[in-house]
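Participant: Two independent chains are provided; combine them into the complex using the hints.
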Amino acid sequence: MAVRHKSVETKYMEQRDRTLRALARLNRRAFLKVAAASAGAVLAKGLMPPHSFQLIEFADAATDRSFGTVGKQGSTPFRIAYISDSHLYERTLNQRFIRAAVRAVQDVNALDPQPDFVLYGGDLAQLGSRGQLELGRQILAELKAPVKMMVGEHDWFLDMGQAWQEMFGPPNYSFDWKGVHFVVLMSVHEKDFWTARKMTPEQRMQTVAGLDNPIQSRFEVGDEERKWLAEDLSKVPHTTPLVVFSHSPLYKYYRPWNFWTEDAEQVQALLQPFSNVTVIHGHTHQMLFNRIGNINFYGMLSTAWPWPYAPQGLPALTIQMNRADPFDQLDGCGDGQFTMRADGLVDTIYGLWDRNPVSVPAGYLVSGGKTDRPPAPQFASY
Amino acid sequence: MVRTKVALLTAAGAGAVVAALAALPHALNAQQSIAHHQVPAVKDGNVVVMLCDGKTSMEIKGLKPGQRMSRDQAMGVARRLMAAWQRQHPGEHWQMAQAQSPPPGAPSPAAPSNEEQPANAPSPGAPAAQQIQGVPIQQQAQPQQQGDTYASFHERDFRVWQNETQKFIDYGKQVFHSDKLLGGTIGVSCDMCHPDAANTHPETYPKYQVQLQRVALLRDMIDWCIENPVKGKTMGPNDPRLRALEAYILAQRKGVALDYGKH
Numbered sequence: 003m004a005v006r007h008k009s010v011e012t013k014y015m016e017q018r019d020r021t022l023r024a025l026a027r028l029n030r031r032a033f034l035k036v037a038a039a040s041a042g043a044v045l046a047k048g049l050m051p052p053h054s055f056q057l058i059e060f061a062d063a064a065t066d067r068s069f070g071t072v073g074k075q076g077s078t079p080f081r082i083a084y085i086s087d088s089h090l091y092e093r094t095l096n097q098r099f100i101r102a103a104v105r106a107v108q109d110v111n112a113l114d115p116q117p118d119f120v121l122y123g124g125d126l127a128q129l130g131s132r133g134q135l136e137l138g139r140q141i142l143a144e145l146k147a148p149v150k151m152m153v154g155e156h157d158w159f160l161d162m163g164q165a166w167q168e169m170f171g172p173p174n175y176s177f178d179w180k181g182v183h184f185v186v187l188m189s190v191h192e193k194d195f196w197t198a199r200k201m202t203p204e205q206r207m208q209t210v211a212g213l214d215n216p217i218q219s220r221f222e223v224g225d226e227e228r229k230w231l232a233e234d235l236s237k238v239p240h241t242t243p244l245v246v247f248s249h250s251p252l253y254k255y256y257r258p259w260n261f262w263t264e265d266a267e268q269v270q271a272l273l274q275p276f277s278n279v280t281v282i283h284g285h286t287h288q289m290l291f292n293r294i295g296n297i298n299f300y301g302m303l304s305t306a307w308p309w310p311y312a313p314q315g316l317p318a319l320t321i322q323m324n325r326a327d328p329f330d331q332l333d334g335c336g337d338g339q340f341t342m343r344a345d346g347l348v349d350t351i352y353g354l355w356d357r358n359p360v361s362v363p364a365g366y367l368v369s370g371g372k373t374d375r376p377p378a379p380q381f382a383s384y
Numbered sequence: 246m247v248r249t250k251v252a253l254l255t256a257a258g259a260g261a262v263v264a265a266l267a268a269l270p271h272a273l274n275a276q277q278s279i280a281h282h283q284v285p286a287v288k289d290g291n292v293v294v295m296l297c298d299g300k301t302s303m304e305i306k307g308l309k310p311g312q313r314m315s316r317d318q319a320m321g322v323a324r325r326l327m328a329a330w331q332r333q334h335p336g337e338h339w340q341m342a343q344a345q346s347p348p349p350g351a352p353s354p355a356a357p358s359n360e361e362q363p364a365n366a367p368s369p370g371a372p373a374a375q376q377i378q379g380v381p382i383q384q385q386a387q388p389q390q391q392g393d394t395y396a397s398f399h400e401r402d403f404r405v406w407q408n409e410t411q412k413f414i415d416y417g418k419q420v421f422h423s424d425k426l427l428g429g430t431i432g433v434s435c436d437m438c439h440p441d442a443a444n445t446h447p448e449t450y451p452k453y454q455v456q457l458q459r460v461a462l463l464r465d466m467i468d469w470c471i472e473n474p475v476k477g478k479t480m481g482p483n484d485p486r487l488r489a490l491e492a493y494i495l496a497q498r499k500g501v502a503l504d505y506g507k508h
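Protein chains in written order, with my numbering: chain A, 3 to 384; chain B, 246 to 508.
With a Cα cut of at most 27 Å, we get these calculated BS3-like pairs of lysine-lysine: (1) B/Lys452 with B/Lys478; (2) A/Lys254 with B/Lys499; (3) A/Lys180 with A/Lys229; (4) B/Lys499 with B/Lys452; (5) B/Lys425 with A/Lys200; (6) A/Lys146 with A/Lys180; (7) B/Lys476 with B/Lys452; (8) A/Lys200 with B/Lys412.
These aren't lab readings, by the way, just hints derived from the structure by calculation.
Next up, chain B with everything else stripped away, as it sits in the complex (with noise of 0.2 Å):
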């Protein structure tokens, strides 16, 4: 229960460790639309911190706008935060974070890492044991393992995944349109012969191409398809734009089963 706080503290806005979330992916931030909370003004300028629920806050003295606070400094505010909100609801558990339940069919997120665990925390809530996962116990067919690295991994973490997976299908949905991206000469794009990446079978590869007198994969099918119908130069394995290419017809083939050596 603690660590789900802190991490809500941060995503909140708290000044000092919003700074490490300023790596996300700005879309990532944009789909959470995270709600945008004023802080009380205060006359010396101080940063003000405020906790996710909107009402709770606390002037950090000393602390100006764009200034750090030490790791421990900010786990001890975000400490005193949460003490003070338990103050005001005793006897109530928090339950923001079981509020923001993932999508159906995404994977429910792991508790966060031990080292976001503040040394010391108080226990405000109820106890951690109680609540998996934002799933009442009583509900929970068994506990699940925790502290190895896929323990560790959050719903963030797989929005983050997500996000970079599809950008990557994303571009190679573009290089699949554009005969310019792909390199070609005569205005030939795969899309002409291939709409949604239809009729590309990526799923029977690797399979014996007889024009080719050898196994092919199917990057040696979109690369033999660049330099021929599309006339552009082949682009080689570890090109980007050839490994997004991959990426996009891959995708459009979720939930069909693999069949190599289909004809």
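For reference, chain A alone in the conformation it holds in the complex (with noise of 0.2 Å):
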């Protein structure tokens, strides 16, 4: 069953890679002709629903918008690619985390062209060691365009991280790229929780790594980093692309998980006056959108395991993906793409392992979802 099911996956991959390389030197008249052709040599072979086959619309989207283009803010269009939340323990100890990730490194490899650069999105380690942190900095290494990266709780409550930041530098930063402004957040900051326990490093770490354990703090950015923050982007004009980058969503969507920022409305109200801002975040492992004011959300997809979509609080603008197959361990992982448009939005591609890419245009949020509303799940969560 497994094995069969399988190699039609295996199919669609292979034409999957070979549509997204011939894409890129298309234009539209031709681009349009493989599109049909390719839907159709596919809907002949009864491998998909004829709405499944969302690439095309995708990266037409893209190749209209896009490439080639300049921005009325003088930006160029370009694309960011990203993992995240790999969850690497020791090598001794689990190799199927480790696949997952260096897989994540070979999609993007095969990027043509390659992404301006790739975004870490944190939880690089499971349970913050310097061993496992240092197995992520050598798979990351592989990667062909330069890195981002950014710190989740698993890589810092350990030993505050302490080894993170030898390796990577400061877990808050801020650059400016072809006429965006970036920031990269660390927001998974907690109150302690671990001093009145007598907690030991281990056991700080370990409670925290467990997403249902109610004894840790909520996420926070803090108010230092807030400051900075505020800081920061008084030196932007509000007419500049924002993209904020973060671990955990920066809203409130369930707080027994943590799919939560404690001070969120705060740092929201310091995002809002700019004209066009997206905030992307990992930690919840799952295709994930919002839009509260003018400010986008997207979350990222995990290499190691998708979770469930929560009880509650799930925005509205969300479209669930398909649930995970539990027989297939790679199911509902991946990593993916943003194209920073000339208008400084941002569109989305979850490229979902083993399952058809859904993209995500900006659009679709800006307007409320009445537009380039993405494909519906089959099956939704329980």
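Facilitator: Shown next, in the form of structure tokens:
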């Protein structure tokens, strides 16, 4: 059963790779021809329902709106790839998460043209040890494009970020690239729950690593870093496209699992004055998108495992990904891409492994779900 | 009424019968937060038994700490203590049991078994028929049946059962969150994909599991997960860990309608 199932996917993935490579060299007219032909071929084989060949629609949009044009703010459209939430154990303990992270690196290295940079979305390690982080660093070192690192709670709470910072530098920073201002936040600070309980660093890490462990505190950017953010943004004109990377979602989705940032409203208030703001976050391991005010939010996929959708608080604009197949350990996992458009907005591709990728254009969020609607899942969560 | 009094007397720590309570789980006793009464000291070191009002007490001549009374003796003590209380409170009803009303939603306690009823018990308070389960008779829709197995369970029974069930579920929660207890070999535990047992949908079993090519029960899927993503050894349906896992998973879906076969 599993073998037959996989062979279909393998065929699909091969076809997808060929199509993606061809797309980069096509003009719109030729593109549509190929799109129609490949969709037809897929249909003829009876492999996919017609609506699922979403890749074509997205690539079409990307070709038209982004590449080769210059934005009104003078920004040049470009592409970012991401890899996130790999949760690596030591090499001797767990090969599965390593294989998944390596697969993501191979995916990104296969992109042609290469992305301008790769965002690593946090939770490189599972329990924050130097060995785990070093293993992750070695895997990411294989990437051809430059890497921007973000920290997650699994990287931090063993030694409060010491090893991570030695390897990757400060956890919050900003940079400008092709007319876009990027901010990377450390959004997973927690108020001290460990001292009073006399926890060892290992116990503290283990507690934070338990998503449903209620002993830990809620994530926050914190006063100090919000001050830094305000100061950083004060130098940026409000018409400049702004992209913020944070590990936790910068809004309140589901408190018991820390799908949550305690001071989210205060951070959002700092971002709202900008005309085009996108927040890209990790931690939630699922297809997740939201819009609050004029801020678009996208959650990233994990390479290690998918989280189920929380029982409450799912943003109305989110279209759930199909349930993950427990019999396929990579199902529901993946990596993805963001296209920074000329108009300062961001389109997203969820590169779900062994599935059709799903594109979520900025237009879907900006229109409040009226246009550019991504395909619905056949089986949403229970 | 008399029956209730006897039960309370034992709960208040009457030396002779308190041994029966020793078997109760410690946590249960803690939950009840029973008031600790100081009994008056007596010369000969005899046991003094106090009623749960904290005042009425009597010395048991010839009974030293650690010795047991016979059942008849203990019942006699209970009767005399209650009679003493009644003499001090003429015309009053014994209300202590009623004050310990169960939490909302908990099953109302049934009367204790006839076995606990002392033979020839005096009737110091109101006759039992006037008060049932602590609810004044005028508010009772109808009298409850008595004398059968289920009528003989008391609030304390429900607490014991609840406590035992919770311990089972808590153990399941522990296994669910521990790759070591699961026997996993790669550091993966159930909660890593199923926080709070989310997305385990126990209410949908039995159902045809296409990947297994047969109808599966929840326990089949748990065991499958232990063998595959967790990379441990299958436990088999009688393993206490598997049973506890099933209990924890089901407990997380309390209130969800059963919907077998759902995909």
